Amino acid sequence: MTVVLPISASRADDAAPDPTPASWAARAGALVVDIVPGVAVVATMALLALASPADGWARWVFTGAGAAALFAMALNRLVAPAATGWTLGRALFGIAVRDRSGAPVGIGRLALRELAHLADTLAVFVGWLWPLWDARRRTFADLLARTEVLRVERPRRDMRRLVAVFLLAVALLCAAAAGLGYLTVYRHERAVDAARAQIAEQGPRIVEQMLSYGADTMPADFARAQGLTTDGYRPQLVAQQQAAQKAGVKSNEYWAVSSAVLTNPPVTPDQVSMLMAMQGQRGDDPKDLKFITATVRVDFDRSADGQWRVANLTVLKKPQMNQAQQ
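Taking the UniProt record's numbering, the leading residue of the sequence shown gets 1, the next gets one more, and so forth.
Heads up, some of the hints might be wrong.
Claimed, not checked - Derived DSBU-like pairs: lysine-lysine, alpha-carbon spacing no greater than 30 Å straight-line:
id: 1; residue 1: Lys246; residue 2: Lys317
id: 2; residue 1: Lys250; residue 2: Lys290
id: 3; residue 1: Lys290; residue 2: Lys317
id: 4; residue 1: Lys250; residue 2: Lys287
id: 5; residue 1: Lys290; residue 2: Lys246
id: 6; residue 1: Lys287; residue 2: Lys317
id: 7; residue 1: Lys318; residue 2: Lys287
id: 8; residue 1: Lys250; residue 2: Lys318
id: 9; residue 1: Lys246; residue 2: Lys287
id: 10; residue 1: Lys317; residue 2: Lys250
id: 11; residue 1: Lys318; residue 2: Lys246
id: 12; residue 1: Lys290; residue 2: Lys318
Hints were generated in silico from the structure; no laboratory data involved. Every value quoted in this text rests on a predicted model; they were computed, and no experiment measured them.
Generate coordinates for the entire structure from the input sequences, incorporating the hints supplied.
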């Protein structure tokens, strides 16, 4: 007679099944929760930083917020699993990264695994789909780092509510940043458009007044011209005026026949450059007048009182003088 003996409790415990590999859907869902919100914040901040004025405070705010989002992603993906065993997304879906023995994985191997995900991506994303037919549902990164993603018991904390609050906070942050960026960029663009329009209207007249003077009103004309320049350019203009006086020039009159606002360097609310084609006449005796043509580039700066001043004038085409026809 054969007697069947019951298996002892200790032997039953020893025969406990191995942890179950996480499903592809659970891994994908956890990755979305861990990565997509951070990428959304980084992308939003990067776009707003690039669109913001280069010398404005908003660019630094958006850049700092993007850097903080990257740092938070690194904490969630590298530090949190080593410290608590979870990332936010993996805690929601009840999965965790383990080594082949089932033990937790340290920061070093987690960092190696994150870098190895490049292999998943560079292989035309095949590595991300590899768990669909791999026996242990591993990606290329898991194979390289000798890790597995296993189903584990979820934390006792209500992860659904926590993740919902987190996603709402990310959405509000992106919306607030977009609103701030809109106001900043919109105001900047309006200021740029206003500066461009002002120079298009005032620039030729400012240069005409700066270069023109008469024999009877020369001191007053020179003083007026100096008032149309910045402190940095004024000494150069004074030297030119003194040279003209020594050469015995009595009258000089210029007018702009065409002009265009330059886009390189870019127009800012306080700095604009313009290209001008100038014509003029020099001399006092109608029988001895000389007609002048020249092409110049003029840089304008807005002064503290809001007025435009000539910051520099560069002659691009040497002035040509022709004797008046009798």
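Exercise. Do the alpha carbons of Lys246 and Lys287 lie within 30 Å of each other, as the hint requires?
Worked result: This hinted pair holds, its Cα atoms lying about 22 Å apart.
Exercise. Is the hinted pair Lys317 and Lys250 satisfied, with a Cα-Cα distance of at most 30 Å?
Worked result: holds (24 Å)
For this session: Take a quick look at whether Lys318 and Lys246 sit within 30 Å of each other, Cα to Cα.
Result: Within the cut-off at roughly 21 Å; holds.
Problem set entry | 30 Å Cα cutoff - pair Lys250, Lys287 | The given pair, whose Cα atoms are some 14 Å apart, holds under the 30 Å limit.
Problem set entry | Pair hint Lys250 and Lys290, alpha-carbon separation not exceeding 30 Å | holds (12 Å)
Exercise. Are Lys290 and Lys317 close enough, with their CA atoms no more than 30 Å apart?
Worked result: holds (17 Å)
For this session: Could you grab the alpha-carbon distance between Lys318 and Lys287 and see if it respects the 30 Å cut-off?
Result: It holds: about 24 Å lies between the C-alpha atoms, which stays within 30 Å.
Exercise. Is the hinted pair Lys246 and Lys317 satisfied, with a Cα-Cα distance of at most 30 Å?
Worked result: holds (24 Å)
Problem set entry | Straight-line alpha-carbon gap Lys290 to Lys246, limit 30 Å | Within the cut-off at roughly 18 Å; holds.
Problem set entry | Hinted pair Lys290 and Lys318, Cα distance within 30 Å | Distance ~15 Å between Lys290 and Lys318 Cα, so the pair holds.
For this session: Given the hint that Lys250 pairs with Lys318, test it: the Cα-Cα distance must not exceed 30 Å.
Result: Holds, at roughly 21 Å.
Exercise. Does the alpha-carbon distance linking Lys287 and Lys317 stay inside the 30 Å limit?
Worked result: Measuring from Cα to Cα gives roughly 27 Å; hence the hint holds.
Checked against the numbered hints listed earlier, the structure breaks none of them; every hint is satisfied.
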